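Engineer: Now for the letters of each chain:
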Amino acid sequence: MHIVVCIKQVPDSAQIRVHPVTNTIMRQGVPTIINPYDLVVLEEALRLRDQFGGKVTVLTMGPPMADESLRKALACGADAAVLLTDRFFAGSDTLATSFALSTAIKKIDAEEPVDIVFAGKQTIDGDTAQVGPGIAKRMGLNQLTYVSAIRSLDLGSRSIVVERRAEGGTQVLTTGLPCLITMLEGSNVLRRGSLPDMFRAARAEVTTWNAEQAGVEDITQCGLRGSPTVVKKVFAPKPRNEKAVLVETEGKSDAEIARAAIDALFTANPKLEAEIPELVLAS
Amino acid sequence: MTYKAPLSDILTTLDKALGYAALLDGSAFGGLEWDAVEGILDEAGKFAASVLAPTNRTGDLEGVTLKEGVVTLPQGFKEAYAQWAELGWNGVAAPEAFGGMGFSTAIALATFEIWDGANMALGTGPTLTLGAIDLLLDHASDALKDTYLPKLVSGAWMATMHLTEAQAGSDVGALRTRAVPQGDGTYRLFGEKIFITFGEHDLTENIIHLVLARLPDAPPGTKGISLFLVPKILVNDDGSLGARNDVHCVGVEHKLGIHASPTCTMLHGREDGAMGWLVGEENRGLACMFTMMNAARLWTAIQGVALGEASFQKARDYALERVQGRDPATGKQGTTIIHHPDVRRNLLTMKALVLASRAICLSCAATLDEAAQAEGKEKAALMARAGLLTPIAKAFSTDAGLQATSIGVQIHGGMGFVEETGAAQFLRDARIPPIYEGTNGIQAIDLVTRKIPQAGGAVVASVLDGFSRDLEGFGDTLPPSVLSATQAAVGDLRVATELMLTLGTEAPVDALGIATPYLRLFGLTMGGVLLAKGAAGTNDPGWRAVTRFLAEDMLPETSALLAGLRARGGAVAATTPDLFEAM
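Chains Z and R, in that order, give the protein sequences.
Every number in the working numbering is 33 more than the matching position in the first sequence, counting from 1.
Every number in the working numbering is 34 more than the matching position in the second sequence, counting from 1.
Derived by calculation from the structure, the hints in this document are not laboratory data.
As the structure is a prediction and not an experimental result, all values here were calculated from the model.
Beta carbons: idealized from backbone N, C-alpha and C, even for Gly.
Treat each hint with caution, since some may be false.
[Said to hold, decoys possible] Facing chain R, a subset of chain Z residues (Cβ under 10 Å, in silico):
1. D45
2. R104
3. K105
4. A108
5. K139
6. K140
7. D142
8. A143
9. P146
10. P229
11. F232
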């Protein structure tokens, strides 16, 4: 079985600061990490590989330094890594990214047929949740999003059964391979890297493809040229002046809630009692 | 708070104080980028903090139990060890031919600081296995290597060393355990060994004992000692486990510290004798065992560093939280005790001892790594240098660990004397490293009688010249006070070394009485030089502050030590054992 896991190197959002004057994101000096949602699918891919045999290939698109994230994935046990890096890819939105990634996956598939493509539910920097589905659409793959667990996989009949969290309950879905899966956070925890895997990762050759090597024929679908999305403005929302107050109540009946709310209101506004007759008169 | 691996300090030590990144570059150690080394140590730190550290206090409280020959370690130890071995951490420096990573001793040692800092009692076991791996590699037959090394390298089995007997402690030559040849290449052993660390436990399915014993016609003393491999469970030809061997744990000690590390009394030969296989030549066992002892000394040294660091972290956190008294600088009432200069001096002393001893240990390991890649005369010279540095690393670092953990308790005040706080455990655990693997007194004697006279004093001279060269290269990167204090210490060490070399020939017995202060002088000076080197290459304000403190406040001790040495040990020599009876 061959599984491709798409990952993205992102700034560690826990350490991002917004510039106090310009309100823009300050990217300098922020350490990078693998998008946390991608770790979930990486672990799931490794588990399936351990159970059914085969190979896990991790794929990313990014600057040359994204090599670091691929090596981390190798250190956790992935078997091969492919980096798409080219100035033509720079400035890609989700449309162009899914184009580049799906092109590369087609090439990987031609070399060694791919059974499952995993992608993170979304990234913590873009938060769009569009790239995974975009890849599925472009490749014509069956698509399972927001999966919380994989129930079973039958390589003989080439079918998979998963649990998908939906509003009001859990759906149990089945589909045929090949397919694309995105998973929910908390579905599993990424394993620790073993020392042999860490050494293998450090010494491994990461396959690096530019646009041409990845099999891109129409360069206008890549990077800024292939990205119709325009970011007009980035801003931090203004904090509201008023703050919510939690009012404790004696019990849960409407009368008790009303009483507690009134008490709180009058305690917070000592002049209210005096003002009420005027308000009533005015109305 | 929990233990946090001191990654930044370890990396600064290796890269800046020792130039290790350059040594690694293009070396025989598999061409790893420095980033990869950082990644490995980072992962070690995460594992130690999340898996090993949580069992440290509970292991201390629970201790080990012996019931009908079976020793059970505290709850959680077996699982933690299994995970640790499964991830391959036992094999950092072991050869790839037997399943190890073939990586460097210095990095392996750095990982052990992390394991010991999180849980030294647990770290003690693998420390011995590593020594056994070195011993078997150097001295065992190919058949023994093939049978035992893959399991020891993976950590599936652990190993022990059996030297001590009731009448044979530091004087190994007095041991009496007998080995009787069976005529088929095997031997049967009979005798009782004491103080056997991890002699029996439930962490692994087999335990490989390396045992010193006498053949029937062996000459007396150390020249009549042979070394045997005695497995707890006999190994069949196909590698599967067979019958239980006749070697048994008949007692475990109640100790001051490392409660979770089983210290066993082992009986060989309750019935037919324990089956053993000769390692190396007959009557040459002690030389073989010294391979293990020497390696184990460096691994013991790092235990002192590890406990000092762990104790520092706890004391530092306490000093930042504990509110007491008035800030003497601002007069503000209700200040945290970190505002009191005496508390900061205590913390600086701890950190200086830790940084200095870590640098000495890693320097010794880096020298071994260089030697592993060198050949001929160069290799011999590097091995001689590592031989000189080993007793300094062992004694200075474990003394430093003891001193630092004691200060750690002091910073906690009364709370430090109370067990729940955890500061006291570090102090109790730190009491053993100065004793085992050759007491620190023996280390000092080894330094003075065997190591500094090597090659007519040429080995120590080249080390001292290296210190002077290091100091010349700093220029204005260091504060003048640091440079001058370090230069003065190196000068004191030169004079002291000449003095000890002369005394060693003129009055060798008198030299034994002052070997310990000489070793301390050596360690302080070397620590000062290495910290200064690190400070010249880093902007880390913590490192630079500690370097300054060590130089200005601690290195002056070298002149006092030298003044003492100038008395040539006369005061000790003038006493007799009888005199003490009347004291």
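Engineer: Each hint: holds or not?
Structural biologist: Taking the hints in turn, this is what the structure says about them:
1. D45: violated (14 Å)
2. R104: holds (8 Å)
3. K105: Result: holds, 8 Å to nearest chain R Cβ.
4. A108: Holds. Min distance 7 Å.
5. K139: Violated. Min distance 32 Å.
6. K140: violated (28 Å)
7. D142: Cβ of Z:D142 sits 31 Å from chain R, so the hint is violated.
8. A143: This hint is violated: Z:A143 lies away from chain R, its Cβ roughly 32 Å from the closest one there, beyond 10 Å.
9. P146: It is violated, given that the least Cβ distance between Z:P146 and chain R is near 32 Å, above 10 Å.
10. P229: With a closest approach of 5 Å, the Z:P229 hint holds.
11. F232: holds (5 Å)
The structure does not agree with the numbered hints 1, 5, 6, 7, 8 and 9 stated previously, though it agrees with the rest.
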